[in-house]
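J.: Now for the letters of each chain:
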Amino acid sequence: MMDLVELTIDDTQVKAEPGTKILKAALDAGIYIPNLCYISEADLPFGACRLCYVEVEGRGLVTSCTQPVEDGMVVHTKTPEVNKLRRTAFKLFIAYHDLDCRACWKNKRCELQRLAARVKVKLKTPEDFRGLPTDFIPLDTTNPFITYDPNRCILCGKCVWVCNKKSGQPIIDFAYRGYETRLALSSDISLIKEKCSSCGECVITCPTAALKPESSLGSTVSLAGGG
Amino acid sequence: MEVQAGVEKETVKERLTEILALCERDRSRLIPILQSVQDAFGYLPREAILEVASYLGMTDVQVYGVASFYNLFRFTPLGKHPIQMCMGTACHVVGGGLVLEALERVLDIEVGGITEDGELSLDRVACIGCCGLAPVMVIGKKIYPKMTPTKVDEALVNLKIETKEAARD
Ligand code: FES
Ligand code: FES
Chain A
0 MMDLVELTID DTQVKAEPGT KILKAALDAG IYIPNLCYIS EADLPFGACR LCYVEVEGRG
60 LVTSCTQPVE DGMVVHTKTP EVNKLRRTAF KLFIAYHDLD CRACWKNKRC ELQRLAARVK
120 VKLKTPEDFR GLPTDFIPLD TTNPFITYDP NRCILCGKCV WVCNKKSGQP IIDFAYRGYE
180 TRLALSSDIS LIKEKCSSCG ECVITCPTAA LKPESSLGST VSLAGGG
Chain B
0 MEVQAGVEKE TVKERLTEIL ALCERDRSRL IPILQSVQDA FGYLPREAIL EVASYLGMTD
60 VQVYGVASFY NLFRFTPLGK HPIQMCMGTA CHVVGGGLVL EALERVLDIE VGGITEDGEL
120 SLDRVACIGC CGLAPVMVIG KKIYPKMTPT KVDEALVNLK IETKEAARD
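Read top to bottom, the protein sequences are chains A and B. For the first sequence, numbering that gives the first Met the number 0 begins at 0 and goes up steadily by one. For the second sequence, numbering that gives the first Met the number 0 begins at 0 and goes up steadily by one.
The hints are simulated quantities; they were obtained by calculation from the structure and are not laboratory data. Among the hints, a few may not be true.
To give a feel for the contact side, a few chain B residues facing chain A, derived at Cβ under 10 Å [unchecked claim]: (1) MET57; (2) THR58; (3) VAL60; (4) ALA66.
Cβ atoms here follow ideal geometry from the backbone N, Cα and C, with glycine treated the same way.
In isolation and in its complexed conformation, chain A is listed as follows (with noise of 0.2 Å):
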């Protein structure tokens, strides 16, 4: 076994095996940094959300999500700057996010919703980013077990990990560019519905209500859905 690496966070002593992530000790121990994207078992992290940034001395604010631990590191979780950071990314997650909750069908059991209160943001369109188009985007309901709604999805990536490493091959990607990024799911090229095995696992890994079971994906998932 490697020699376990030591370092502080938020005055904790924490150990951890070489090569783990900031993220991933702090969580271990118990300390919680926000996140979004994070997926523990991916190689490669997606360090798409900004949500999980931390104070590192001698180095500045860095994405705890793709920062190695290293020996004798001091890393602080809740500095001013920290928050400041935390909360910009979040309220770009919400300016452009529909935020009829209580219509939601995930209302209460939704990630952003429970982010909001971490990172103490109001849920309701930030009057700094008022300027960001929020026209409804239709929802894909091209696929018999899975609506699509693009305008409650926030980009993390999760179900295009999931989808890739259950199929050998994403069948759910990203397209366009900019703020027109959503996901390919069908009904730009439709074959999805021949290829889909219906698992369910990229419902259950979203954490906001854009990716929806529908009834006919069947008991493997409750419709609870994930988070």
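Could you slot chain B with the ligands onto chain A? The hints should help.
T.: What follows is chain B with the ligands alone, placed relative to chain A:
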């Protein structure tokens, strides 16, 4: 959306086999392959995306994901007379947007679309290099300078007449 002007499925298959035979079976060649497909058909037909994907051992969404990222690729065929409305800075400032809206209204299609008879397609382009004539519209190779929304109808009617005459000769 079924587009009449689209290339027949069979023809796509045949041409594709020829194109792909010249291409290395390597994922890193995806974009050049898509380029030659578009050169051949004028757009990326759905069948072509599926074929290219299976040729490179990728899924179709992966290919679509890459193709949809670039403005270069289009998924609807070009009309016989492709209309391009300039949205460069100069044309934009003097009301190119209004002309574009008028075009959309008159043709009853959106930007990137094609009319049902396959005659006209509509695209927006950035500066075609004659800002002095702004706002500029281009149909095929002909330039329509100093466009206004009201000139749209006139231009389209003239185009129809010209095409008819050309067909008669
Ligand atoms: S968890 Fe680190 S960027 Fe999303
Ligand atoms: S901006 Fe239209 S021609 Fe230059």
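J.: If any of the earlier hints don't hold here, list their numbers in rising order.
T.: none
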